[in-house]
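Sequence lines, in order, name chains A and B. Heads up: the first sequence begins at 1 in our numbering, then just goes up one per residue. Heads up: the second sequence begins at 1 in our numbering, then just goes up one per residue.
Warning: the hint list may mix true and false statements.
[As the list claims (entries may be wrong)] In silico DSSO-like pairs for lysine-lysine, Cα to Cα no more than 30 Å straight-line: (1) B/339 x A/442; (2) A/21 x A/239; (3) B/178 x B/168; (4) B/233 x A/399; (5) B/168 x A/433; (6) A/159 x A/397; (7) A/204 x A/239; (8) A/27 x A/285; (9) A/21 x B/70; (10) A/27 x B/168; (11) B/66 x A/397; (12) B/168 x A/399; (13) A/239 x B/339; (14) B/178 x B/22; (15) A/86 x B/233.
Bear in mind the hints are in silico, worked out from the structure with no lab data behind them.
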Amino acid sequence: MALRILTRRGFRGGVHPPENKELTAEKPIEILPPPPVVVIPVQQHIGAPGQPIVQAGDRVRVGDRLTEPGGYVSVPVHASISGIVKAIEPRPHPLGTTALSIVIEGDGQDEWSDTVVDDEAWDQLPAEEIRERIRMAGLAGMGGAAFPTHVKLSPPPNKPIDTFILNGAECEPYLTADHRLMLEYPEEIVRGMKIILRVLRPAKAFIAIEDNKMDAVRAMRQAVQREGLSCEVVALPVKYPQGAEKQLIKALTGREVPRGGLPMDVGCLVHNVGTARAIYQAVAKRRPVIDRVVTVTGRGVVEPKNLLVRIGTPFSFVLEHCGGIRDGAARVLMGGPMMGIAQFTLDVPVVKGTSGIVVLNQEEVDRRQMAVCIRCARCIDACPMGLMPTTLYHLVKAKRFEGAQDYGVLDCIECGSCAYVCPAGLPLVHAMKWGKMEVSRKLRAAG
Amino acid sequence: MDEKVWKVSTSPHLADRESIPKIMWLVALSLAPAGIGAVYFFGAHAAWVIFWAVAAAVGTEAAIQKLMRKPVTVYDGSAFVTGLLLAYNLPAEAPFWLPIIGSAFAIGLGKQVFGGLGYNPMNPALLGRAFLLASWPTHMTIFRTPPRGGTISGIDVETGATPLNLLKQAHDVLHQAKVAPGEVPAQKIADAMTHIGKLYESYGNLFWGRVGGCLGETSVFLLLLGAAFLFYKRYIDLRIPVGYIGTVAVLTWMFGGSEGLFTGNPLFHVLAGGLILGAFFMATDMVTSPVTPRGKWIFGIGCGVITVIIRLIGGYPEGVSYSILLMNLTVPLLDRYTKPAIFGARKR
């Protein structure tokens with residue numbers, strides 16, 4: 001029960017935006033049929049892009065590998081439909097740029113690669129083999145940050161992991177993809193966690209879920225029991241950004257990841273529940289990441305849903321399947337409304353990090369006129385990183401980037417809590433991103 | 001291919017429902033009970049003082065913004081609040097030109113000259129009051145109208161009848177008697193003792209507002225009603241008023257008595273004068289108070305120390321406005337030296 005007291009401590013700051021999860025929380029995951037064409041960016045992870053190993057005109061099957069990883073911190077991408085490679089060219093990427101993408105025109109057969117085969121001995125594999133399977137399955141964190149999973153599973157020997165945390169907090173408003181995964185595939189998630197624990201061998205393991213999903217807490221507790229796993233399923237109080245890695249570690253263990261450091265610096269590792277399930281599929285079924293669960297929601301969508309979507313499916317195809325977009329829709333986001341990225345076109349494809357497609361209408365979206373800072377300090381109270389967003393805003397605006405560095409702009413996790421509560425409607429996160437970019441550039445130039 | 005180009009913006013894409021006008025108008029609302037109370041206690045003239053102060057504040061802001069070809073922002077309510085607070089710091093029988101000049105000064109030289117809302121270093125209303133007090137001291141310190149329901153019972157209310165003023169006069173008599181024994185008539189000393197005793201028994205009048213003073217500062221009850229609302233809305237941070245009032249209480253208890261250390265009456269000092277108005281509505285002014293949690297504590301405690309020094313040692317019976325104005329000037333330093341600890345900076 002000492003742990004209960006620890007969890008009470010939680011983390012400082014944070015906000016309580018309207019959850020709006022009821023739009024899709026009760027909707028079981030529906031399988032979206034494969035689209036006629038997929039656009040698969042060769043880079044869907046943080047790290048080096050892969051090199052295409054197919055050419056226009058090649059025929060590919062579902063699960064066929066399309067790229068060779070471009071280094072250690074790199075993962076391949078795979079065909080998500082069967083058909084013919086039409087082109088390898090730059091296409092709009094949901095991160096807001098254009099990126100080299102492999103365009104596949106489907107043949108309607110949905111024929112799967114013969115490399116996708118069940119492995120009965122999945123729970124007896126050596127760690128090295130597990131990591132290799134995870135890597136070649138193209139796994140990058142499914143929570144949104146998309147860091148290659150095999151790298152996270154290879155901590156250096158001087159940074160032993162004693163605590164593993166499976167992240168089912170899903171603190172972003174509107175999103176329910178992880179919630180539905182935990183309700184519908186708790187065994188696969190727990191088996192994925194078993195694989196992770198087999199590689200890391202930590203002393204303690206948690207599954208962390210916000211207490212607005214008590215049904216998921218129960219489902220996971222049952223699955224943990226059935227699978228005979230030793231880990232604690234913790235219901236955390238609802239507070240954004242509860243699911244942010246550093247805040248989650250703090251809430252569960254009381255440890256603070258040092259500035260500029262990684263969770264492994266305090267002996268912790270965090271993986272998202274979707275990643276755990278993908279790990280199970282990659283290791284036990286030799287199935288690469290060719291699809292993912294996406295919450296399609298917001299009051300700008302006719303029929304909000306949780307969908308299992310093939311990677312590379314254009315947003316427009318996904319939205320059509322949800323009855324299309326309503327009049328008055330104002331923003332199309334990849335991800336949730338707090339950290340999601342606004343899209344200028346619906347031609348962008350679903351990628352491995354697409355947890356949601358949220359279409360906000362005029363009433364939902366922030367429409368405030370920008371005013372001046374009245375020093376209300378609400379941003380400082382809300383910042384989970386202990387920063388002074390208003391001060392940083394003024395420093396960045398004056399292009400005093402050294403000052404911004406002193407005030408910790410690089411520690412910003414861009415969670416958006418400050419801008420959410422700002423009564424002046426200041427673009428605080430925008431300023432943080434700019435400041436981080438300029439400071440990082442200067443640091444790189446200085447070596 | 002989809003032809004439509006969607007609007008983009010940086011995250012977050014949601015915002016809560018707070019805005020500057022909402023904050024300002026709700027602060028004005030929270031001051032309404034004390035204003036209505038002022039009209040009840042001091043009569044219709046108080047309403048005119050409030051009217052002229054608010055009208056002049058809003059008018060000055062609009063006129064300056066027009067002249068400087070800036071957008072007119074008087075609808076945000078901030079000038080309204082400044083006018084209101086200035087009026088609350090004036091005697092109910094102030095002539096009509098006093099609030100007008102005070103508000104014009106407050107908005108013009110206290111706020112717009114620095115660039116308008118968000119940029120003024122000192123609380124404009126208090127600056128306006130300080131200007132009036134320096135220029136027309138007699139008009140600012142005559143409290144002739146006895147409040148409805150009586151005042152401190154048994155004490156002459158004709159000349160400068162605020163409780164703090166009466167206390168100061170009585171203490172001066174006792175001090176005089178101590179410095180030059182035999183020169184002060186025994187009757188005068190006895191009267192002073194009686195006055196102090198009566199003042200200290202007047203908690204009820206002080207709490208409800210049945211005492212002399214500036215028109216908006218007297219009713220602790222009505223002010224606390226508004227403050228509770230602001231706290232409920234999270235528009236004030238309790239660190240400042242708690243630090244402020246706590247410091248005044250402790251220091252007046254320690255040094256405020258005539259019998260030596262720890263013989264003062266802290267409750268009287270907290271209830272009398274403008275401390276409640278100042279601590280909850282003016283020291284907490286967002287623009288002119290620190291943004292950091294520790295800075296807010298220091299700010300509140302500093303206000304308390306200066307207030308007590310002025311009340312007990314200085315030439316004025318009251319020190320709330322000057323203490324806040326002085327502490328306003330320390331805000332940039334406080335913000336700089338009380339930065340919160342960045343996550344992960346302290347321990348491993």
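Practice prompt. Could you grab the alpha-carbon distance between residue 21 of chain A and residue 239 of chain A and see if it respects the 30 Å cut-off?
Written response: Holds. Residue 21 of chain A to residue 239 of chain A sits at ~14 Å (cutoff 30 Å).
- CA of residue 178 of chain B to CA of residue 168 of chain B, is that 30 Å or under? With a Cα-Cα distance of about 15 Å, the restraint between residue 178 of chain B and residue 168 of chain B holds, given a limit of 30 Å.
- Query: Holds or violated: residue 86 of chain A with residue 233 of chain B, Cα cutoff 30 Å?
  - Reply: Violated, at roughly 59 Å.
Need the status of pair residue 168 of chain B, residue 399 of chain A: alpha-carbon distance at most 30 Å? This hinted pair is violated, its Cα atoms lying about 53 Å apart.
| message | Hinted pair, alpha-carbon criterion (30 Å max): residue 21 of chain A, residue 70 of chain B. Please report holds or violated. | response | violated (43 Å)
Given the proposed pairing of residue 204 of chain A with residue 239 of chain A, does the C-alpha separation stay at or below 30 Å? With Cα atoms ~24 Å apart, residue 204 of chain A and residue 239 of chain A stay inside 30 Å; holds.
Can you confirm whether the C-alpha distance between residue 27 of chain A and residue 285 of chain A stays at or below 30 Å? holds (27 Å)
CA of residue 159 of chain A to CA of residue 397 of chain A, is that 30 Å or under? Distance of about 39 Å is beyond 30 Å: violated.
Q) Does residue 397 of chain A lie within 30 Å of residue 66 of chain B when you go C-alpha to C-alpha? A) holds (27 Å)
Checklist entry - Has the given pair, residue 178 of chain B with residue 22 of chain B, been kept, meaning a C-alpha gap of at most 30 Å? => result Status violated; Cα separation ~55 Å.
Margin query: Just to be careful, I want the Cα atoms of residue 339 of chain B and residue 442 of chain A compared with a cutoff of 30 Å; is the pair within it?
Written below: holds (24 Å)
Q) When you check the alpha-carbon spacing of residue 239 of chain A and residue 339 of chain B, does it fall within 30 Å? A) It holds: about 24 Å lies between the C-alpha atoms, which stays within 30 Å.
Checked against the numbered hints above, the structure breaks hints 4, 5, 6, 9, 10, 12, 14 and 15 and satisfies the rest.
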